[in-house]
Amino acid sequence: MADSHIAVIEDLSFAYDRRPVLHGIGLKIPRGKVVAVMGQSGCGKTTLLRIIAAALMPTRGRARVLGSDTSTLDRDGLYALRRRMGMLFQFGALFTDMSVFDNVAFQMREHTDLPEDAIRDLVLLKLEAVGLRGAAQRMPGELSGGMARRVALARAIALDPQLILYDEPFTGLDPIALGVIARLVRQLNDSLGATSIIVTHDVAETLPLVDYVYFMAEGRVIAEGTADEVRRSGVAFVEQFVSGAIDGPVPFHYPAAGYEADLGFAAAA
Amino acid sequence: MLVALRTALTRLGAAVTAGVWRLGYGARFFGYLILHSGTAFRRFRLTMREIYFGGVLSLIIILVSGLFVGMVLALQGYETLQRYGASEALGVLVALSLVRELGPVVAGLLFASRAGSAITAEIGLMKATEQLSAMEMMAVDPVARVVAPRFWGGVISMPLLAALFSAMGIFGGYLVGVVLIGVDEGAFWSQMQAAVDVRNDILNGVIKSVVFGFAVTLIAVFEGYDAPPTAEGVSGATTRTVVTSSLAILALDFVLTALMFTGGA
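Order-wise, the sequence lines are chains A and B.
According to our numbering, the first sequence holds residues 1 to 269 in order.
According to our numbering, the second sequence holds residues 1001 to 1265 in order.
Hint data in this document are derived by calculation from the structure and do not stem from the laboratory.
Don't be surprised by glycine CBs; every beta carbon is placed ideally from N, CA and C.
Treat the hints with caution; some may be incorrect.
Quick partial rundown of chain B residues pointing at chain A, CB under 7 Å, derived from the structure [claimed, not checked]:
#	residue
1	Glu1130
2	Gln1131
3	Ala1134
4	Met1137
5	Met1138
6	Ala1139
7	Val1140
Cβ pair distances, simulated, as ranges [said to hold, decoys possible]:
#	chain 1	residue 1	chain 2	residue 2	range
8	B	Asp1197	A	Ala80	54 to 60 Å
9	A	Glu128	B	Gly1031	41 to 47 Å
10	A	Asp11	B	Arg1006	39 to 45 Å
Based on the provided sequences and hints, a complete structural model is requested.
Structure, rendered in structure tokens:
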């Protein structure tokens, strides 16, 4: 039964030094699906993604990813696990001293003994999948934000990972680039037979794309389900988040002393 | 009064603890770096690239500085030597000053400013832009792949740069002493040849430059790797590299000189 889920998080808590970030999180990521983890900035969703990627270890509970409990793995075990994953960072994190081609070829050269001819064919195949075969010889500094994100996506799928992690893949993109990335996330997941976890706060692009959504607030999962289910969940925070209302459970005003007192009127009265 | 004293003591304690902790962290980093240096030698192409960026691209500043230092040494040395009728010993003075001291020390200081700061900034920016994290996520150890080639590239480059600095300095001394002032050319070279000892002078100079290479490059890669991932953090780390490396070179030079050149050798 465990095989039907590629990642299982059980009663997981995490703190940076003494500052708690995640509290008793539990979630299951079904194999072959595109799952989003959504919430406000600072709600702990990127921390959760880093725990799934085994870049951080939980302070309590456990994260079982691709069949392994991440907290029991040594360095070699972690690296073996990460070879089966791909990750797209928020701003691409391309290696700036390498061309687009070399960025995509990087893992192939590091982890395989493939001859350069085969690497060339594979890199062109990956770049073709993201529509950037023609930019193979360009340097990252010569790319637009959207192109850089697509190259990073080609690099993330270079070794056909079973699990693809996306950290805010839509941030800072124009509508066309945003649409392209959203389509590629779905398309690559299905064509590779992979599973994708997207951490994002971009509601409009994400909900139509994903199979399942977890909503987080203040380090806790507060709602989950398909896109339609969470829309109808009745949870006030989710409704405010999805509709983009300026006031609600997340107030417009940061807590402060009385306005009149701050302006000095209360004292005068 | 008591509160101020307590605050001062607390701050002092915190600063000492932080310093010791950082020293320990640096030592562990060095150990990890040495243990994971295999890639830098197995794939020597990576290290060659760093020798090019750290060493070859530092050649201009090293050669020009060496030339001027040698010229100044010859001018100053001649002024003093001629008072005692020993101006023929100018070649010895220039060569020994450069090979024993100025070559390794000044080349080390220039290397710290030119290549050390560049190494720190590059690694720090790679960290700030998540390139090191991306490498980790691709199951590639950034210490083995990024840090070790830069470290060994610097360690290999430094003695070569110091040797070139000394050679250029001697040529500068020759230009000023022999060509410009008119010191006898035969005396300049033959006295130099007779007085400079391969083991006591040249080898000790080479040892100094190797030690400085280790110190500067280790400080540079550590500061870059440990830099807070912000613009301010990288800028601070780059400054610390230049300041700490320069002080380390001068302190190590004193210790090495005391060990090498005292005791009536």
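Going down the list of hints, with the structure as the test:
| no. | hint | in the structure |
| --- | --- | --- |
| 1 | Glu1130 | holds, 4 Å |
| 2 | Gln1131 | holds, 5 Å |
| 3 | Ala1134 | holds, 4 Å |
| 4 | Met1137 | holds, 4 Å |
| 5 | Met1138 | holds, 5 Å |
| 6 | Ala1139 | holds, 4 Å |
| 7 | Val1140 | holds, 5 Å |
| 8 | B:Asp1197 <-> A:Ala80: 54 to 60 Å | holds, 56 Å |
| 9 | A:Glu128 <-> B:Gly1031: 41 to 47 Å | holds, 45 Å |
| 10 | A:Asp11 <-> B:Arg1006: 39 to 45 Å | holds, 43 Å |
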